[in-house]
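2 protein chains.
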Amino acid sequence: MSLQNRRIVMASRPKGAPTPDNFRLETTTVPAPAAGEVLLKTLSLSLDPYMRGRMSDAPSYAPPLELNDVMVGGTVSRVEASNHPGYQVGDVVLGFSGWQEYEISNGEGLTKLDRSLTQPSLALGVLGMPGFTAYLGLLDIGNPQAGETVVVAAATGAVGSVVGQIAKLKGCRVIGIAGGAEKCRYAVEELGFDACLDHRADNLAAQLAAASPNGIDVYYENVGGKVFDAVMPLLNDNARVPICGVISQYNAESLPAGPDRLPLLTSLLLKKRIRMQGFIILDHWHRYGEFAAAMGPWLKAGQIKFREDIVAGLENAPQAFIGLLEGRNFGKLVIRVAD
Amino acid sequence: MSLQNRRIVMASRPKGAPTPDNFRLETTTVPAPAAGEVLLKTLSLSLDPYMRGRMSDAPSYAPPLELNDVMVGGTVSRVEASNHPGYQVGDVVLGFSGWQEYEISNGEGLTKLDRSLTQPSLALGVLGMPGFTAYLGLLDIGNPQAGETVVVAAATGAVGSVVGQIAKLKGCRVIGIAGGAEKCRYAVEELGFDACLDHRADNLAAQLAAASPNGIDVYYENVGGKVFDAVMPLLNDNARVPICGVISQYNAESLPAGPDRLPLLTSLLLKKRIRMQGFIILDHWHRYGEFAAAMGPWLKAGQIKFREDIVAGLENAPQAFIGLLEGRNFGKLVIRVAD
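These protein sequence lines map, in sequence, to chains A and B. In this text, residue positions in the first sequence follow my numbering: the first is 1, and each later residue adds one. In this text, residue positions in the second sequence follow my numbering: the first is 1, and each later residue adds one.
Pulled out of the complex, with its shape left as it was, chain A reads as follows (with noise of 0.2 Å):
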């Protein structure tokens, strides 16, 4: 009997944002593992923002999904069958198997995970690509100085969550921005923010202008929009930007109205000698095992915390991401695909 594969593909291109029809559950069945090869069943998924920029065909730094493709990303998944001689049936590896529950991979891009391990879904969040981007994008463009006054949105995500407390273990003030009152709460008392502002809040610009008296010298960019706007005229002079994110654009059909604020930026990066850079996690991924000998006794010792927002089941995954993208999570988001 062959073994069945239930996986969640493109259906049709998002216009604006995305909706369950864009996305299609099927069934397929999945051949035995060749020489070389072994087969992975999907244990977690993980789910990320980037993956909207995925379903437009607009150029970006990696090629769009076509439709029918498999939806794309990154996976916990244990070793069913072998025939790689760097595998054994049991082993648990971080990989890149997409929304669905089974793979054929030929061991190329895969990476063991400690048996140790004991939460091996952390490998997709605080430990993974999201924690990496926050440590890499923070520490590098950012570069934080003890005292100085570090912004970050999306606070409680993935990222957000890591840059703050990382932040506040350079000695930083740090503010939080993030979805609501509970989100809030938890960033201050749970992840140790000095303030967490609720980005729905009618007065938002003026509410972060009285919690950073003293200006803002990094402001990590994950959303973009009215937090941007907020952040802009309180930037100061040497302020550096790191931009790992712009949620608040991808679901965006058409640029705002004007006037163009674009010759502002320019002027106000000239005049306060502000860095702001782009950067992609996969560029640097060279780099994953410093941070990981950093985060590893950072997680240890209890001095970064975490949350993940689990959700149980693959054809659940498209609610759950159209909920991403629009901050119905709570902490880091992850399918449980099996156990």
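Do not take every clue at face value.
Which copy? The list can't say, so a pair holds if one copy fits it or any two copies do.
Subject to a maximum C-alpha distance of 25 Å in a straight line, what follows is the list of computed DMTMM-like cross-link-like pairs (lysine to aspartate or glutamate) [claimed, not checked]:
id, residue 1, residue 2
1, Lys271, Asp229
2, Lys170, Asp91
3, Lys271, Asp283
4, Lys271, Glu66
5, Lys271, Asp260
Keep in mind the hints are simulated off the structure, nothing from the lab.
Please arrange chain B on chain A, whose structure you already have, making use of the hints.
Only chain B this time, still in chain A's reference frame:
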């Protein structure tokens, strides 16, 4: 008989482009230098685009001029009388006397120029603030590598001409942008740029695309506006954009009409991992010696060429400055105030 000093003050703040009635020529008397002071006679006055910023009261990196203040500016002066132990009559100094014939100074901020310097006005241009601005922004932020493509506008100006020539020394392909065929011919034939485009052309964007078959790796921003618009879509992954000025914006009274391209720029910086960074050369003055040590030999060997646009007479400074903002100068604009 007391010494008469002609000087030019800001009579009113410009609205948009400065006009002659924003300036007033007046005559005052100069006292004899007290103990510890010198009397400076201005020989050459530098006119530079940044002065337009000082005439506005919008917040910037330097406090604005007040009404009736003497216009600021770098100067080469001769010591006419000295009660300062460090200076002798006949010394030639680089200072910041502004738009006037005489100044009493306590020596602060003065740099004695080597008497072997046959053309002291170079200390206002290729060997001075503009040359240093070109050097530091290009090398520190632009970080040009052999074989990369570098684009600079105002290509025959005090900064742009040095940017392009240093980039050529580093083995780059250099594309200048300038106003008119004569300047473009000079940039290619005299300065050695690979190409130079007339920014007045209707199809600047298409010409720039054709001249940059491998895209643009470094755009040295000194003008903004439609030149940046043409550059933006051609920027390569990991491009660098040092910002030293935005001369096209200095006279703007309002932002351009929409759509608002600020989010577009942020997304572009992310997707292409671009670094965009403003700088103000005064922040880096402690590194002037490093610059002078590099530029001196380049000048002596004829590897860096320069051109001065000299206007005689302090009274002509306002008209020359108005022309500078319109690109009417050809080379470093200097007012010869006295011989």
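Check your understanding: Checked against the structure, which of the hints given earlier come out wrong?
Key -> 2
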